[in-house]
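Colleague: So the protein lines, in turn, are chains Y and D.
Be aware that the first sequence starts at 1, since it is given in the numbering used here, and climbs by one per residue.
Be aware that the second sequence starts at 1001, since it is given in the numbering used here, and climbs by one per residue.
Hints may be right or wrong, so weigh each one.
Said to hold, decoys possible - Covered stretches of chain Y (in silico footprint by chain D; criterion: 3 or more residues with CB under 8 Å from a CB of chain D, positions within the stretch not fixed):
#1 24-37
#2 333-346
#3 392-401
As the list claims (entries may be wrong) - Cross-link-like lysine-lysine pairs, in silico, DSS-like; alpha carbons within 30 Å at most:
#4 D:Lys1087 with Y:Lys372
#5 D:Lys1076 with Y:Lys311
#6 Y:Lys372 with D:Lys1076
To be verified - Pair by pair, the computed Cβ-Cβ distance ranges are:
#7 Y:Gly371 with D:Thr1059: 37 to 45 Å
#8 Y:Pro17 with D:Ser1086: 32 to 40 Å
#9 D:Ser1149 with Y:Glu150: 41 to 49 Å
#10 D:Arg1056 with Y:Arg338: 33 to 41 Å
In short, the hints are calculated from the structure, not lab data.
Since we're looking at a predicted model, the values are computed, not measured.
All residues carry an ideal CB built from backbone N, CA and C; glycine is no exception.
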Amino acid sequence: MTSLPVDLASRVRPDFPLLERQVDGRNVKYFDSAATSLTPTSVVKSIVRYYEHVGANIHRGKYVLSQEASDQVESVRQSISRLTGYLSNEVVFTANATSSMNLVAHGLPLRPGASVLMPLDAHHSAWLPWRGRAAVETIPLGPDATIDLEAYERLVRHEPSVVVINHSSNVTGFYAPVQQMATLAKQYGAVTILDASQSVGHRSVAFDDVDFLAFSGHKMLGPTGIGVLCGRYDLLDSIRPTAIGGGTVDWVDSVEHTLRKLPHRFEAGTPHIAGIFGLGAAIKYLEAIGFDALAQHDRSLGESMMRAAVKRPYLRCVGVSDGADHGAIVSISRNGLRDLNQVARILGDSYGVMCRTGHLCSQPFVDQFAGKQVLRVSGYIYNSPGEVEYVFEALDEIFESIGVSA
Amino acid sequence: MITLMLVEGINKAAFEQALEEVAFALKSVPFFSEYLFEQGLRPTDVRDTTGFAAIRPTTKIEYRRNFPRGVLAAGKTLNDPHILTSKSSGTGGERLTTVTHTFLLARRARNTLRANKPLLEALTAPRFQSVARYAPPNCSDVECATPFSTMEDRMLADGTLVLPVSHDLLATPPAMVNQAIDEIDKLQPHWLYVDPTHLAFLIRSMGDRGLSDVGAVVLTYTLCTGVARRQICASFEPTTPMAEIVSMSEFGWLAIECPVGNMHINNLDFFLEFWSGSRPTRPGELGELLVTSLGDRLLPHIRYRTGDIYRLGEHSCACKSTLPIVRHEGRLPNMLKFKTPRGLELLSPRDVSDLIGQAEGIDLYRLDQRSDGGLQLRYVGDADPDSLEVGDIVDRLRGRMPANEKIEVKKTHQIECGRSGKFVSCSSEIALELDDIRTASSD
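Kindly generate the complete structure, drawing on both the sequences and the hints.
Modeller: Laid out in C-alpha cells, this is it:
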C-alpha cells in the first residue's frame, strides 16, 4: 500500500515553498534531505516571528520581551523532552549534532585505557571526536551492510566504556536495532550514545538504556545552526563543559565562579534563539503529522528507492537487505565510472533533481562497501514514489548519454 | 521582418557553413529541432540571412538544461574518444557543463593564433609543450585550491600543470604561493596559461625570483587590466610572446590580441554576430556577441548568446591580420551605468582599465557601483589615496561620468574575488537589460 505516503507528500508539499522554485524552467525535485531537509513555512514564520516580534535575549532581562524569549526557548526544551523521553533539564541546545557529539567525547570522564565501540557506518561526526581520547573499535557490518549483531555481542563482552549507536546510516538508510544494542551495552556497563541525526523526524527516537542522544534541527525540518544533546542527568552532570562564559555561571568573583545547574552550564553565550523558535515549530509540525505516518512514509519511500535501484543491473547499490528496516535513502555507484559528480551535476542542471555525491562523511564505510564515491538519493515527507521513479528514469538517460549504461 | 546584415569583416563563407550547422543541428540535435519547431520555423525557412536571423538566439540556460541528452548530436556519448569536458562556474554565476572535440579546440586555437604570429610560433613549435596554469580554481577542472594536492594530482591529461591557488586570490597563504613557485621551477614550463590578475599576484609574491625562462604567456580568463599588464611585462623579456586571449568553455579560443595590441576575433571557425537589442550593431557600437559554431559535430551551438559585449572595429589593423578587429568590453553586469540627459551611458571594465592605465602605485583595483549609484574605488598598492597619481585617476574616471558623480577612494590590502575565484575589476549593482544598450550605442 502506497496510498498513505502519496497522500502525505501531496498534503504537505504546499507547506514547502522551495518546492515551487524552478531552476531553468524545471521544478526542483529535492532528494538531499539526508544532508538537510527543507523548511516548512510554519518554521520560517516562527523564526521571523522571533526577529520581528520578540527580538530580545534570553535569561538576561526582566522586561517582557526577554521574558517571552526565555519562555519560548524553555517551552521548546519541553517539546524536545516530550519527543525524546528525557527530562527537560537533560536537554542541551547545541549548534548541531556534531557539536553534541564533541561535547560528550571531550567532556565525559573516561578511565585510562578506555575503549569506544563504533559502528562502521557511523558518521565522521560520531567517530572522529573520540580519536585521541580512547581506543576506537569498529562494530563490523554484514555483507548486506547491516549491523553484525553476533560480532557486536562479542565485542561488547569486552566491556567497552562507550558504545556509539548509529540509529540510521546516512549512506544506506538502514536502521540499527537500537533497543537491542543499547540494552546489551548497559548489561556490560557501557555508556550508550545514540546518533539520531538521520532518524529524528522520521522515526521515534525515544529508547530505554540510551544515555546520550544527539541530533540536529536541520534534518527534521528545522533551521540550520541548532542541535540538541540529551543526556541522563547523572552522566550529563559528570561532563566537564568545554566552553564556559556568559550564561553558564551563577556566581563569578575575581578568582572563582560557580557553574549553573543543568542544562544551562553547557549553553555558553547567547544561543541561536531564532533557531530554537524554529526547531519548536518543526517539532510541532512533525507531531501534527504523527510519527506512525512519518515512519510509514519513510519505509514506503525507501522501498520505492530500493526497488528502483536493484531493478537496474547497471547500478550497484550500497547495502541490499531483504529483511532490514530501512528508510528513504539509497546510495549507488556504477562500475567503470569513478566520477559521479558529473552525474549529480547533470541531474540538477537538466532534470531539476538535487542529490549528493561523495563519501558522505562516512568514508571508512563507503570505501569498504563501494570502493569509491557514491551518489545518494534521500527523500522525506514531501517526496513521492512518482518522484523516485522520475529520478531513476533520469539516471537511465544520463548513463546512456555518458555511454556507460550497458 | 529582420534582415541580418553581414557586417564588414565578417566572413561570408562562414555564413554558408553556419547554414550547414543549422541543418546538421536540425537533423541530429534533439533540443534544436524542438527549439525551431516551437518558434514555428521549418527547415526550409532557414536558407538565407533573413531566415537565419529569425532563429531566436540560444542561451546558456538551454544548453545547461538539455545537457547532455538534448544537445549532444545523435549517436554521441560523453565517453567517446577525443572529448574534453569543461565544467564552468560561469563568469556571471551561470554554471554549465559542456563538451568539445579536442581536435576542434586545437583547430580553433590555431586559427585564432593567426593574428599573433610570435605566439603562434612559440605555442606550436614542434616539441613537447609543457604548460603551467595559474587561474581561478573553479576554472581548473582539478582540485587546486588545497595545499594538500600534489603536482601529479593537478596534471591534466594534455600535460598542463594546474598550480595551487586559493579561491580568494589574495588570501592564498604564503606556503601555497611558494608551492606554486617551486612547481614552476621544477616543471620549467614552455609557456604559461594564466589569469592576468593571478599572474600579477604571483609576480608580486615572488620578489626576486623571476620567470624569465618562460617562453610565452597566454593571458586569459578575465580582463587584463593595465596595472596587471605593467607588472607582468616588467617580469619578462620584452621579446617574450604574450597576448590576451578571449576563451570560452563552450568554444575554446575565440579572440586574441595581436602584436600591435588590437584584439582580433576568429571568424574562420565561428559565424559571428553582434547585436544590440533587436538589431545588429554597426562598427564602433556596443553589442553582444552571438556565436554559431562551424563544423561542430558533437555539440553545435546556434546563434549562442555569449553575454560578452564587444565593439566591432572600424579600421583595419597594422598587423595585417585578416581576422576582424574587436574590442572586448566585458560583461554587462560589470559595466558601470549612468543615466544622462542624452540617455544611458556605459563605462566598461575595459574603459576603466584604459582610464587607470598602468599606474605605478596601484597593483590591483576594483571599482564598484552600488544600487544607489554611489561609486567606490578600492585598490592595493603603494600609492597614497591623497597622491597626485590617485587624484589624476579619479579625475580621468569622473571625466567619463556625469557631473556630480562622487568616487570614494579606499586603499586596502584585500580585495575579494568572486565565488568562482575570478577577480572582477568592475562591478555594478544596477541591473540592465541588453536592449537598453541601444540607447548608449546610438550616440
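Colleague: Between the beta carbons of D:Arg1056 and Y:Arg338, is the distance compatible with 33 to 41 Å?
Modeller: With a Cβ separation near 39 Å, D:Arg1056 and Y:Arg338 satisfy 33 to 41 Å, so the hint holds.
Colleague: Quick one: are Y:Pro17 and D:Ser1086 within 32 to 40 Å, going by C-beta?
Modeller: Distance hint for Y:Pro17, D:Ser1086 holds at roughly 34 Å.
Colleague: Assess, step by step, whether the Cα of Y:Lys372 is no farther than 30 Å from the Cα of D:Lys1076, and give holds or violated.
Modeller: The hint holds at about 27 Å.
Colleague: Count residues of the region 24-37 of chain Y with a Cβ under 8 Å from any Cβ of chain D, then say if the count reaches three.
Modeller: holds (count 3)
Colleague: Are D:Ser1149 and Y:Glu150 spaced within 41 to 49 Å by their CB atoms?
Modeller: holds, 42 Å
Colleague: With a C-beta cutoff of 8 Å, work out whether three or more residues of the region 392-401 of chain Y approach chain D closely enough for the coverage to hold.
Modeller: Satisfied; 4 residues make the cut.
Colleague: Quick check: do three or more residues in the region 333-346 of chain Y have a beta carbon closer than 8 Å to a beta carbon of chain D?
Modeller: That given contact holds, which follows from 3 residues of the region 333-346 of chain Y lying within Cβ reach (below 8 Å) of chain D.
Colleague: Between D:Lys1076 and Y:Lys311, does the CA-CA distance stay at or below 30 Å?
Modeller: Within the cut-off at roughly 26 Å; holds.
Colleague: Check the hint pairing D:Lys1087 with Y:Lys372 against an upper bound of 30 Å on the C-alpha distance.
Modeller: Measuring from Cα to Cα gives roughly 21 Å; hence the hint holds.
Colleague: Evaluate the given range 37 to 45 Å for the C-beta pair formed by Y:Gly371 and D:Thr1059.
Modeller: holds, 40 Å
Hint compliance for this structure: no hint is broken.
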